[in-house]
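Engineer: Take a look at the letters that make up each chain.
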Amino acid sequence: MRSLNFIKTRFFSSPIDAFLTLSISYLIYLTIPPFINWVLIDATFYGETKKDCIDGGACWVFIKIWFTKLLYGLYPSEEIWRINFAFAILIISIVIYKYLNQKLKKYLFLFLVIPFPIFSLVLFSGGVFGLSPVDTREWGGLFLTLVISIFAIIFCFPIGILLAMGRRSNLPVIKYFSIGFIEFWRGVPLITVLFMAGVMFPLLLPSGTNLDKLVRVIIAITLFEAAYMAEVVRGGLQAVGRGQYDASKAIGMGYWKSHIFIILPQALKLVIPGIANTFIALFKDTPLVFVVGLLEILGMVNLAKTNPYWLGMATEGYVFVAFVYWIFCFAMSRYSLSIEKKLKITN
Amino acid sequence: MENIIQLRSVNKWFGEFHVLKDINFSVSEKEKVVICGPSGSGKSTLIRCINRLEEHQKGSIIVDGMTLDENTKNISAIRSEVGMVFQQFNLFPHLSILENCTLAQIWVKKKTKNESEKLAMDYLRKVQIDDQALKFPGQLSGGQQQRAAIARALCMEPKIMLFDEPTSALDPEMIKEVLDVMVDLAKGGMTMCVVTHEMGFAKEVADRVVFMDEGNIVEEKKTSDFFENPENERTKLFLSQIL
Ligand SMILES: Nc1ncnc2c1ncn2[C@@H]1O[C@H](COP(=O)(O)OP(=O)(O)OP(=O)(O)O)[C@@H](O)[C@H]1O
Ligand SMILES: [Mg+2]
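Line by line, the protein sequences are chains A and B.
If you use our numbering, the first sequence corresponds to residues 1 to 347, in order.
If you use our numbering, the second sequence corresponds to residues 1001 to 1243, in order.
These aren't lab readings, by the way, just hints derived from the structure by calculation.
Since this is a predicted model, take the numbers as computed values, not measurements.
Idealized CB from N, CA, C, for every residue including glycine.
Fair warning: there could be bad hints in the mix.
Here are some chain B residues the structure puts well away from chain A; computed CB gaps all over 12 Å [as the list claims (entries may be wrong)]:
hint: 1; residue: G1059
hint: 2; residue: A1077
hint: 3; residue: D1164
hint: 4; residue: G1189
hint: 5; residue: E1228
hint: 6; residue: N1232
Derived BS3-like pairs: lysine-lysine, alpha-carbon spacing no greater than 30 Å straight-line [to be verified]:
hint: 7; chain 1: A; residue 1: K103; chain 2: B; residue 2: K1111
hint: 8; chain 1: A; residue 1: K103; chain 2: B; residue 2: K1109
hint: 9; chain 1: B; residue 1: K1222; chain 2: A; residue 2: K106
hint: 10; chain 1: B; residue 1: K1135; chain 2: A; residue 2: K249
hint: 11; chain 1: A; residue 1: K98; chain 2: B; residue 2: K1113
hint: 12; chain 1: B; residue 1: K1030; chain 2: B; residue 2: K1135
hint: 13; chain 1: B; residue 1: K1111; chain 2: A; residue 2: K106
hint: 14; chain 1: B; residue 1: K1222; chain 2: A; residue 2: K105
hint: 15; chain 1: A; residue 1: K269; chain 2: B; residue 2: K1222
hint: 16; chain 1: A; residue 1: K342; chain 2: B; residue 2: K1113
hint: 17; chain 1: B; residue 1: K1113; chain 2: A; residue 2: K249
hint: 18; chain 1: B; residue 1: K1222; chain 2: B; residue 2: K1187
Among the chain A residues that face chain B by a calculated CB cut under 10 Å, a handful are [said to hold, decoys possible]:
hint: 19; residue: G180
hint: 20; residue: E183
hint: 21; residue: G187
hint: 22; residue: A239
hint: 23; residue: G241
hint: 24; residue: G243
hint: 25; residue: Y245
hint: 26; residue: I251
hint: 27; residue: G252
hint: 28; residue: K257
hint: 29; residue: F261
Next comes chain A alone, as it looks inside the complex (with noise of 0.2 Å):
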């Protein structure tokens, strides 16, 4: 009986609430069944080519034979243990993090933010320690959304806090320089940034200096992002109060000392859900990157799509990269709300 009446307060309290949940439901009756029947029922699991998909369904088959692709491009096979085990050492950080003493958390947060970086990309170029070098025109699939998107992570939240410093400065030179470059990134489209960091921009190095295309790709999301950063930062500047200021100069401390022990903190902690919604935009920008020539995860599957063994595969594809790039966009959102609460508790 109260469930009976709590579902009419709440879905038919009135002829307009009445009208939106049957609507709503009809809806939902007409989409969700036919799906789940496509994604799971008349799916195909097993098998090697095309031909084994006979049941009308999704041809999971088309993921299983070109997964590896999915995951590492053209990463040579036999090389691949170096991205396993980079993201191995990720996760397992990842992993042990939490159960870790503050001092220790530091480290780990220091080795996995500045060493682990540097070694990671040794690993995965090679040409050094007997490991054979692999192009970066190889790299490709997740492990290239990931390359892309955690470089270009570590270092745009830097630049954005110092942008976003230098526009509150008052020192004329460097306020009118972050204003001017961030008003410049904010203003052109992602897109056409990439393609003068592919193309145009090697056209205006002097011949024979060469810097590799995916570094300047990554540069260029990371000032681009750092831009959007640096906005985000400012708002949680701005609604830190005078008086902190006025504190932490009353006991001594100068600009950067006040900025990194006083007014970062409590600015950063403001602006925790528009960090992460940057952070996640960045992330759903990477496929952008095929413009020039770099095939992610996405990208690899517009290729494989249009191999002649797997025509007609597109939906597929798709919906299989939709649900890798919802994991970790979901994952940062969890994440992000973890560490509001959590800084929520000591206060």
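Based on the hints, put chain B with the ligands in the right spot on chain A.
Structural biologist: Below, chain B with the ligands alone, put in the same frame as chain A:
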């Protein structure tokens, strides 16, 4: 006696607005001066100039032999000798009370964590909130927060303490606990400049009272003279309203 704070013809403008008009003001060592006056008269601005939270545009300010000007070395040297307590406490909300007191010791005075915690606990005991050391500012009452802020300033072992209406944001029942701490500090021989409307406090500890109005010091007298025979009309009016 030697003047530890010396202001000569100090002028300050906020844009067009002339906040401090040709201020001459000095404080000698161990002296306690109370500054009062109507709202907007420039009291806060005056004491904020002493540790350069505000810049003055004309005149000179000398604190403990150092001239306050563009020279950033002098500014940080002076700030490490001048402690300040604010109306709104301005504790750092993301740090515990103990960390509020040790942060500048560690990063400005380069002391070890142990040393600075020991000193911090000494001062927290002095202001009677050593049992609150590990709490965060938001978990304390207003009076406790203001006492923590006083302890934080004292941890830098300043020669001079500036107070800007330290009890104005407090509920009446908490004013006394903060004033008691300040009276103790005064008896201990600290040089103090206190902006306050607590005339009881002024009578008890001040050597001198300064009355400001519209950016001028209009009356400046020994405490007993100030209360017994004020000369300026505005001072008389102010005292009649407040007493
Ligand atoms: N940053 C600022 N920019 C512009 N004007 C300011 C600024 N700070 C203070 N003022 C103005 O200067 C005048 C003096 O301010 P001040 O805070 O020194 O007064 P006060 O005597 O401390 O008053 P109260 O008793 O209200 O604290 C006021 O009219 C105020 O509006
Ligand atoms: Mg004031």
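Engineer: State the violated hints by number, sorted upward, taking the hints as numbered earlier in the document.
Structural biologist: 2, 3, 9, 12, 14, 15, 19, 20, 21, 22
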